[in-house]
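K.L.:
From first to last, the protein sequence lines stand for chains B and D.
When the letters of the first sequence are read in order and numbered with the numbering used here, they come out as residues 1 to 112.
When the letters of the second sequence are read in order and numbered with the numbering used here, they come out as residues 113 to 230.
Hints are computed from structural coordinates only; laboratory data are not their basis.
Virtual Cβ for every residue (Gly too), placed ideally from N, Cα, C.
Hints may be right or wrong, so weigh each one.
Said to hold, decoys possible - With a straight-line Cα cutoff of 20 angstroms, these simulated EDC-like cross-link-like pairs (lysine to aspartate or glutamate) come out:
(1) D:Lys-128 x D:Asp-198
(2) B:Lys-41 x D:Glu-156
(3) B:Lys-40 x D:Asp-167
Claimed, not checked - Label-pair restraints from in silico Cβ distances:
(4) D:Asp-141 x B:Glu-53: 33 to 41 angstroms
(5) B:Arg-63 x D:Thr-119: 40 to 48 angstroms
(6) D:Ser-192 x B:Thr-80: 46 to 54 angstroms
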Amino acid sequence: ETGVTQTPRHLVMGMTNKKSLKCEQHLGHNAMYWYKQSAKKPLELMFVYSLEERVENNSVPSRFSPECPNSSHLFLHLHTLQPEDSALYLCASSQDRATEAFFGQGTRLTVV
Amino acid sequence: AQKITQTQPGMFVQEKEAVTLDCTYDTSDPSYGLFWYKQPSSGEMIFLIYQGSYDQQNATEGRYSLNFQKARKSANLVISASQLGDSAMYFCAMSPNYNSNSGYALNFGKGTSLLVTP
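Hey, can you work out the whole structure from these sequences and the hints?
P.N.:
See below:
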């Protein structure tokens with residue numbers, strides 16, 4: 001199994017839908033992250049969870065709602081999104097004093 | 113605040129040649145880490161190489177080496193003997209030592225698109 005797994009890989013949703021993105025890490029890490037990657041923009045940090053506690057909310061609109069039920073799982077709940085929210089959403093995990101973060105393959109989200 | 117700058121939106125290199133991807137950074141943190149990631153069209157961010165700000169020697173990892181010039185705040189990636197499979201987006205990123213507000217969250221540059229030609 002790969003270290004960080006994201007599902008689904010692709011998602012198309014209407015602006016009135018509610019959906020969730022799932023991330024699972026099998027590396028025993030204690031921090032997990034959601035990043036957003038839009039076309040022609042640097043990756044933007046959205047949320048950080050350390051030891052299952054949210055430590056960062058980078059001015060993300062409330063239509064994005066993260067959940068970290070345990071140290072291995074991270075969700076991003078989506079509701080009433082806008083077309084400009086279409087992007088690649090990447091999950092990552094890391095460990096204290098680690099030298100790198102491990103990323104999942106991302107969920108490519110299209111809001112129609 | 114940390115800032116990463118990658119000035120080359122796109123680069124071409126012929127197979128088997130070496131290529132250098134530029135990265136400069138700006139930070140007031142005394143301790144930080146510098147990373148390079150590769151992102152193929154599949155979307156996954158693949159870690160390539162890491163350089164700590166206090167490391168005395170430039171990092172190397174197989175065909176990848178990092179030309180770290182601390183005084184100039186640059187951390188260029190050198191790929192030797194390019195292969196067709198190296199065609200991808202390459203991102204330079206930086207992380208401070210653990211930050212109580214953002215853990216080890218990375219700040220990324222805008223990336224450089226590398227195309228390796230036969």
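K.L.:
All the hints need checking, so say for each whether the structure fits it.
P.N.:
Cross-check of the supplied hints:
| no. | hint | in the structure |
| --- | --- | --- |
| 1 | D:Lys-128 x D:Asp-198 | 11 angstroms, holds |
| 2 | B:Lys-41 x D:Glu-156 | 16 angstroms, holds |
| 3 | B:Lys-40 x D:Asp-167 | 32 angstroms, violated |
| 4 | D:Asp-141 x B:Glu-53: 33 to 41 angstroms | 23 angstroms, violated |
| 5 | B:Arg-63 x D:Thr-119: 40 to 48 angstroms | 35 angstroms, violated |
| 6 | D:Ser-192 x B:Thr-80: 46 to 54 angstroms | 49 angstroms, holds |
Hint check: violations occur at hints 3, 4 and 5; the rest are consistent with the structure.
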